[in-house]
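Start from the sequences, fold in the hints, and give me the full structure.
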Amino acid sequence: MLPDTPLTRGVVIGGIFIVSAIAPASFLYTSLVLMKGQIFLPTLLLHLFHAIIPILSNIIHTWLVLEVLFWCFFLTTRSRLQQERSHMVPMSKKARLELFENCVDAIEKIEPWITGWYYDADTIENPKFEDIKKDNLAEWLAGSLWNDYLEPVTQNPEYAAELDGYLQQTEKMFNVKFPEGRNPQIRCIRMSLDPIEAVHRPLFVYVSLYIITYIFNTLFLKTAWGFRRYGTDSPSVLWGGFLEYPHIIMEGIQAVFRNTHDLSTPHPKSPQYKHKSLVYWYRTPSVAATNKTPLLFIHGLGAGPVCYTEFIHRLASLDRPIFVLELPYVSMHMVEYAPGIDETVQEVVGMLQNHGYERAVVVSHSYGTAIASWLMKKVPERVAGSVLIDPICFLMHYHNLCFNFLVRIPRRAVEYAMRYFAGRELYTCYFLKRRFQWVDTIFFVHPETAEDGTTHEPAILDPSSPLKNAVVFLSELDIVSNSPLVGKYLTGRGVDARLMTGLDHAGFMFNWEWRERILRQVERVASNVDDEGVAEYQ
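full-length UniProt numbering puts the last residue of the sequence shown at 538; the count rises by one with no breaks.
Because the hints were derived from the structure by calculation, they are not lab data. Think of the CB as a built atom: it goes at the ideal place given N, C-alpha and C, for glycine as much as any other residue. Fair warning: there could be bad hints in the mix.
To be verified - BS3-like mimics (lysine-lysine), calculated; alpha carbons at most 25 Å apart, straight line: (1) Lys274 x Lys377; (2) Lys109 x Lys36; (3) Lys378 x Lys94; (4) Lys94 x Lys134.
Stated by the list, open to error - DEER-style ranges, computed between Cβ atoms: (5) Phe49 x Leu69: 29 to 35 Å; (6) Glu158 x Thr123: 35 to 41 Å; (7) Ala160 x Trp63: 20 to 26 Å; (8) Gly340 x Arg228: 24 to 30 Å; (9) Val65 x Glu180: 57 to 63 Å; (10) Gly340 x Phe49: 53 to 59 Å; (11) Thr76 x Arg520: 45 to 51 Å; (12) Pro202 x Ile249: 35 to 41 Å; (13) Trp71 x Thr154: 39 to 45 Å; (14) Trp512 x Thr154: 52 to 58 Å; (15) Thr290 x Arg411: 48 to 54 Å; (16) Ile52 x Gly14: 15 to 21 Å.
This is the structure we're talking about:
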């Protein structure tokens with residue numbers, strides 16, 4: 001059944017008109033040709049072409065003016081966002097110590113770990129280990145543990161003593177000695193303190209994305225697959241900047257013509273939660289699958305759920321309740337506001353409750369695994385299981401994510417695409433450098449310990465871990481993270497981690513075989529919970 005919206009109504013009526021007009025138009029044209037004895041089509045097309053040229057010229061000139069205005073908007077917005085400091089919440093001394101100990105415990109060799117966080121000012125290449133001095137290391141520790149530059153940290157006597165303790169502990173644990181002083185030739189990567197290096201992209205790109213997203217939402221999510229949109233109706237949450245007011249107009253037009261509002265009535269057995277910052281899609285399964293454990297899909301950086309069209313379609317074919325989150329602040333929607341960790345977790349819990357579920361199996365990709373990590377750390381009881389694809393939440397104290405995504409000079413086509421379309425987009429770059437909180441995102445895995453305090457051989461995952469019913473898929477040639485290192489870390493602690501041979505970041509979306517394997521594991525993980533006995537409120 002087609003939804004009664006202006007778009008579908010216009011498409012249907014237009015199609016009917018075109019099809020119905022073919023025969024009369026053909027009869028009229030053929031009759032004129034026979035009566036006059038000449039072919040009119042070339043002359044008709046020529047006159048039509050001359051009539052269209054002025055219209056096209058006006059449209060192009062108007063668009064060029066809009067592009068100039070948008071260029072000015074980009075420059076002023078980038079300058080304004082550049083002035084903001086990171087929104088990272090300061091840590092307590094206890095939290096800093098715990099983070100430091102967890103990080104160093106997960107470091108195999110200090111040389112590749114520490115050199116990765118620095119680059120030569122001229123070559124943008126990682127320096128040699130012996131080129132790094134004590135104050136260079138102190139810079140990274142100050143930025144990571146205090147989210148500040150070295151000078152303000154050392155000016156506080158208490159902080160200075162604490163920082164010196166971390167330096168001494170590092171040297172002692174790894175049996176190294178850093179030279180005194182600072183090497184001015186090398187630069188330290190401090191994501192939340194470094195400049196926002198966004199690259200302009202034309203208004204045409206954002207408008208095209210809006211149109212593509214609208215078509216995807218209407219034709220695929222709503223019409224073909226039976227999803228409905230829920231959550232906040234605040235226009236600035238879903239689309240911002242130049243697109244905020246056009247989006248308000250489009251939403252108003254749709255609201256006039258649709259019979260029911262997009263925002264659904266909550267589950268009758270659960271309390272209603274009023275969303276403030278979450279927009280999501282929900283698909284009700286068949287009656288036979290109503291009591292099955294729901295799936296929660298969280299996308300990565302890029303253009304939103306539209307990038308995962310085929311994968312979402314396959315998830316929906318599993319016939320389970322399924323939620324699809326929209327993260328506009330990392331989807332080129334020109335949105336500045338991004339909810340914090342606590343707010344995001346609260347919104348997701350409220351989403352589940354509104355539909356009558358206690359927990360869900362989280363299926364996430366790339367940045368989406370950061371939100372999965374928040375859920376596993378803050379509300380593990382809500383995570384029935386996990387399937388993490390190309391995760392970024394493990395070993396974040398290694399340089400790979402920051403260096404590869406934000407610093408490295410691209411050489412391959414996929415690196416150029418990643419750098420331009422994701423890493424250098426203004427609003428995505430702003431989020432990563434001013435709002436993203438890695439210290440709350442990094443997920444440490446702990447194996448079960450024996451009575452004497454030692455770990456089992458082979459390692460057994462701690463039974464209380466949220467990863468006990470989980471599968472991690474790692475792309476072997478991932479250009480964002482060090483998949484072999486992450487895989488070794490996870491399997492060494494009893495986690496089911498699988499290396500997708502020959503694939504690059506997000507390569508599973510173009511590889512039928514691995515996509516099928518992932519879907520089978522999604523169903524297996526969810527079935528494990530079904531067998532336990534259940535997700536829905538009784």
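List, from low to high, the hint numbers that the structure doesn't satisfy. Violated hints (numbers, rising): 2, 7, 12; every other hint is consistent with the structure.
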